[in-house]
Each structure stands twice: as structure tokens, then as C-alpha cells.
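Visitor: Each chain is listed here by its residues.
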Amino acid sequence: DTAVSQTPKYLVTQMGNDKSIKCEQNLGHDTMYWYKQDSKKFLKIMFSYNNKELIINETVPNRFSPKSPDKAHLNLHINSLELGDSAVYFCASSQGGTSEQFFGPGTRLTVL
Amino acid sequence: GENVEQHPSTLSVQEGDSAVIKCTYSDSASNYFPWYKQELGKGPQLIIDIRSNVGEKKDQRIAVTLNKTAKHFSLHITETQPEDSAVYFCATIKSDSWGKLQFGAGTQVVVTP
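First to last, the protein sequences are chains A and B. Note that the numbering used here has the first sequence beginning at 1, numbered continuously upward. Note that the numbering used here has the second sequence beginning at 1, numbered continuously upward.
Among these hints, one or two may not hold up.
Claimed, not checked - In silico DSS-like links for lysine-lysine, alpha-carbon gap of 30 angstroms or less:
1) Lys68/B with Lys40/A
2) Lys19/A with Lys71/B
3) Lys71/B with Lys41/A
4) Lys42/B with Lys94/B
5) Lys71/A with Lys22/A
6) Lys19/A with Lys41/A
7) Lys9/A with Lys57/B
8) Lys22/B with Lys100/B
9) Lys37/B with Lys19/A
10) Lys19/A with Lys42/B
11) Lys57/B with Lys100/B
12) Lys94/B with Lys52/A
13) Lys36/A with Lys19/A
14) Lys22/A with Lys68/B
15) Lys37/B with Lys44/A
16) Lys22/B with Lys40/A
17) Lys44/A with Lys9/A
18) Lys22/A with Lys100/B
19) Lys52/A with Lys22/B
20) Lys22/A with Lys41/A
21) Lys37/B with Lys41/A
22) Lys22/A with Lys36/A
As the list claims (entries may be wrong) - Stretch-level coverage of chain A by chain B, calculated; a stretch enters the list once three of its residues show a Cβ under 8 angstroms from a Cβ in chain B:
23) 15 to 22
24) 47 to 55
25) 92 to 106
The set of hints was computed from the structure by calculation and includes no laboratory data. No experiment lies behind these values; they were computed from the predicted model shown. Heads up, the beta-carbon is just placed ideally off N, CA and C, and yes, glycines get one too.
Turn these sequences into a full structure, and let the hints guide you.
Guide: Spelled out as C-alpha cells, the structure:
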């Protein structure tokens, strides 16, 4: 059983395009997150949703727009992709804000 | 904001030896300290965590210690095995930040047979 799943696993696209990454969790958690891992492996939180409401919005360009249609899904839409957006994006979920976060397998985004 | 420093950045150990990774944090409001293991091509996975009201926690070959006064915590892996080879991340969460994990820069651990 996959706890946190993401699609696609790989995404290669041209600069200026718009793309979306989807995330689903079947753990019944109420909080979901998006993290970005750069080429040096550094992990940084981007967004967090609790019960479909945005609660963390780090300093992320407004080209990035998360959407949570329900508690089990958190999608990430990126407009006007730039070279610097190339990274691995991880979705995660937890029950509440101070419990274990379960990470998805990641989406490797490459912008050419 | 919170600053989490992690050392060393790389660690090579002989199979069977122990590995120790250390992290320091700056914000005294931090109260949850998880450690994640990331294998190549996979997402981070929690291996052990500790809360601020506990000084030490152990799970088989893995242990974590926390010194709140000095604001540092450490991961100890005993009897290392080749499958322990991975990148390990420490992280903190502050009491007033909902799930906002602040990660250290990671430690690449290589266990040689």
C-alpha cells in the first residue's frame, strides 16, 4: 500500500511552460506539505495545508500555486517555469503539526 | 528564524563500527527533533525522533540524544551495516510552527564492508 504517492516521478520541460505535480495520501492525515530539495540535497519547506487550508507559505515565487481539493490531495502548479526551478519536489503528510511526516517518492523536475 | 547545523557532511565507516552525526539548533522554542534517512532515489523516511521533554531515546541500533541547554542533538548508529549507507537529515520543529520542519544540510554516510 502506497502511503504518499506523487505523479509524475520525472518531469522534463522547457522554460516558460506550466506544469503540475499531484500528490495523494491514504493515511487519513489532516496536514500535507510540499518540500523542495535542491541539487545539494538541501530540503526546504514550501507550503503546508491543514484540512484544505493554507497554513505555511514560505518565501516562494507566486508562480507556484498549491491547491488542496480535499484532505487527501495536495497539488502543485508551477507557471512560467525557470531553470532554477529544477529540483526534486517532495510531498509529505502528517496528523497534526508535531508528528511524523511521511514523504512521497519525489518528483524530479528538470527545466531545459 | 531557526538555523540547524549538521556535521559532518560526509562520514565513512567500516562495517560494524559506530557512526555519530551531530546537529545544533538556534531557537530554544524548538521542541521536536526527528531524524530522517534518505536512500538514493527515494523520499526521506523517519528513523527516530525525540521530544524536548526527553534526553535520550533508543531503537535497536539507533539512538538519539538531546541536550536542550546546549541546543544540540545527536544520532548514534551502532554496529553499522552496508544498508545503513544513505543521507541522514536532522530536523527541528518549533512549538508555534505547524509542522514546519527545518532541516540540517544532511550527512552522506558510507558503510564499507
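Visitor: Which earlier hints turn out false for this structure, listed by number in ascending order?
Guide: Hints 2, 7, 14, 19, 23 contradicted; others consistent.
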